[in-house]
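Student: Okay, here's what each chain looks like letter by letter:
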Amino acid sequence: MVAEHERSLEVVDIPINMGPQHPSTHGVFRMVLMVDGEKCVDVIPHIGYMHRGGEKLMEAMDFRQGIGYCDRTEYLAQFSAELAYVMAVERLMDVQVPERAEYIRVILTELNRLSSHFMFMGAFGIDSGVFGTSFTYAFPQREYLQELFEEVSGDRLMYAYFRVGGLAWEVTDNFVQRCHEVLKHTQQGIRDIDELLTKNEIFIGRCQGIGAFTAEQAIANGLSGPMLRASGVPWDLRKDEPYSVYDRFNFEIPVGNYGDVYDRYLVRLEEMRQSVSIVEQALEQLPAEGPIVAEKLPRRLRTPPGEVYAKVESPRGEWGVYLVSKGGDKPYRLKMRSPSFCNLSALREMCLNQFLADAVMILGSMDIVLCCVDR
Amino acid sequence: MTLPDGQEPEAKPEPGAEQAADAAASTPEAAATTPEAAGEAPKAEKPAAAAKAERPARPAKEPEPKTAPRVAPPAGSVNEAVAAASGVTLGAAYLVPDWKGESVAVEVSRDDVPAVLTACRDDERLDMKLLRCLSGVDWQEEGLEVVYHLYSLSKKRGVTVKTRVSYDDANVPSVAGVYPAAEWHEREARDMFGINFTGHPDLRPLLLPEDMTDHFPLRKDNPLQEIEEWQGENLREGAGEEEE
Chain A
59 MVAEHERSLE VVDIPINMGP QHPSTHGVFR MVLMVDGEKC VDVIPHIGYM
109 HRGGEKLMEA MDFRQGIGYC DRTEYLAQFS AELAYVMAVE RLMDVQVPER
159 AEYIRVILTE LNRLSSHFMF MGAFGIDSGV FGTSFTYAFP QREYLQELFE
209 EVSGDRLMYA YFRVGGLAWE VTDNFVQRCH EVLKHTQQGI RDIDELLTKN
259 EIFIGRCQGI GAFTAEQAIA NGLSGPMLRA SGVPWDLRKD EPYSVYDRFN
309 FEIPVGNYGD VYDRYLVRLE EMRQSVSIVE QALEQLPAEG PIVAEKLPRR
359 LRTPPGEVYA KVESPRGEWG VYLVSKGGDK PYRLKMRSPS FCNLSALREM
409 CLNQFLADAV MILGSMDIVL CCVDR
Chain B
470 MTLPDGQEPE AKPEPGAEQA ADAAASTPEA AATTPEAAGE APKAEKPAAA
520 AKAERPARPA KEPEPKTAPR VAPPAGSVNE AVAAASGVTL GAAYLVPDWK
570 GESVAVEVSR DDVPAVLTAC RDDERLDMKL LRCLSGVDWQ EEGLEVVYHL
620 YSLSKKRGVT VKTRVSYDDA NVPSVAGVYP AAEWHEREAR DMFGINFTGH
670 PDLRPLLLPE DMTDHFPLRK DNPLQEIEEW QGENLREGAG EEEE
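From first to last, the protein sequence lines are chains A and B. Quick note on numbering: the working numbering labels position 82 of the first sequence as 140, and the sequence is numbered without any gaps. Quick note on numbering: the working numbering labels position 171 of the second sequence as 640, and the sequence is numbered without any gaps.
Mixed in with the good hints there might be a few duds.
[To be verified] The calculated DSS-like cross-link candidates involving lysine-lysine, where the alpha carbons are at most 30 Å apart (straight line), are:
1) B/LYS535 / A/LYS297
2) A/LYS242 / A/LYS297
3) B/LYS598 / B/LYS624
4) B/LYS535 / A/LYS354
5) B/LYS689 / A/LYS114
6) B/LYS631 / B/LYS598
[What the hints assert, rightly or not] Output of the computed footprint for chain B on chain A, the stretches with three or more beta carbons under 8 Å from beta carbons of chain B:
7) 103–116
8) 143–152
9) 224–234
10) 367–374
11) 394–405
Don't read these hints as lab results, they were simulated from the structure. Just so it is clear, CB atoms sit at the ideal spot from N, CA and C, and this is done for glycine as well.
Put together the whole structure using the sequences plus the hints.
Tutor: Pasting the structure below:
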């Protein structure tokens, strides 16, 4: 037996708790990091702090009421979430959406992608140590977009503007002009962010070579959206399974080479430029007049029995809605496949053998919305 | 309040309600004497139901089907490739609506799930490397269902794999080893439906509190709080009044 004073140096892994109230977890998220020195040897994420049983609640709501709940789930890409839900119902009911409504949906969804990515740029800059500077550049731009959404829908955050079969009401008279005005600000905003971050030495030092995922790893872990494309997989639902009128626009799908945190930033930045281009094309093609709601739609929506999996490319990835109906005016089962949830499930694998400080960057690069993780 | 005939029985069917409605429709006198059976009006609205009973009862609509008609996929569909690749005898295969056109759903027995999904992932003809969604569905007396949505990035097509288990024996082999993406989805399905995924590396509650292992909120035998149901019902009142 070794005497107490003779034992060798003891080495233990130390658990470090982070969250649920922590500025770098982007919401109510907690992870326990087991560290060996500075390196993470295990990561245990804890989610569910914001779980409200949304899927159960939506079973009690009819198809019109459910739209409002989509906003509350994905509160940074509300139009994408609404679009997936109404698309699922429309597919089951076999409703044809008028062209003008489709174009307005695309315009708003793409502008929403811009506002969501501005949010990411601001928050991610803070994670990387640029402190508040990125926020002060990104947020005024997001504000212009939100003002436009407010003009159209009447609400700053919870738009509930899409309806099964079309839109709630006609857009404002100066909608096209306002979109062009906002796009000017947006393009300036993208240039600002680009100049502020892309070649910033601190930012590059914090981002490059961190949390890299190969394409195989990314696909196996069910990543989607910019996270997947940063790993070099050119998969975008807008191109690969085009919905709405996305097949009528020319745009590129940016992909990364290394799959690291820096690539995810670059992919999102380029996506913003592509979104501007899509909105410009859509504004050009937008029919000046026409109905905005499908004809002969009953006030009380009823679907035939059946099931459908509708999916859209939200700013965070594939937002899917698996809707099962037994007939009637409410869903029998509704599963929201949230991209934040699926991307976050890869956090452990991504953080292994990375520095503790880099775990913050990896989490930030996922651009999660905790409401959408927990539902 | 005017209740169109035949509307309420579809919303909340009760045993025998449809036969009663049929009988009431064939004999208007019977409808006058038993308004509850004809319109199945809630108890609180008896005066309205009585006033309505003075009108001659319209013939009841045919009850809507509760399940979609199953259309077999055409020859050469993906289900044949799945069967060939996995060497497993599949259950029923049918078309389900996809965004454009249809995709194929196949039912398999639960013990075949890992074999079928492994074949889907590895076989060159299928090459379905992406598990895009995994959902639980509670079909009440018909058991619990697990639905896997698979997709091939190279072939640009997907397949829906389904398996059913009973409440008493709600065990499904885990596919977390085949698709790491399934790990959290399976934990969520266990939380919400009590489906036990055997062989799962870590089946602790994910979204629910860690000690909440005996209560499965998304099962249909868990009613919502009264206030939540009330909100739904109350808002729905009058929502469809103008039409239908």
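Student: Each hint needs a verdict: does it hold in this structure or not?
Tutor: Results for each hint:
no. : hint                : result
1   : B/LYS535 / A/LYS297 : 35 Å, violated
2   : A/LYS242 / A/LYS297 : 26 Å, holds
3   : B/LYS598 / B/LYS624 : 11 Å, holds
4   : B/LYS535 / A/LYS354 : 24 Å, holds
5   : B/LYS689 / A/LYS114 : 9 Å, holds
6   : B/LYS631 / B/LYS598 : 17 Å, holds
7   : 103–116             : holds (count 7)
8   : 143–152             : holds (count 3)
9   : 224–234             : violated (count 0)
10  : 367–374             : holds (count 3)
11  : 394–405             : holds (count 6)
Of the numbered hints given earlier, the model fails hints 1, 9; all others are met.
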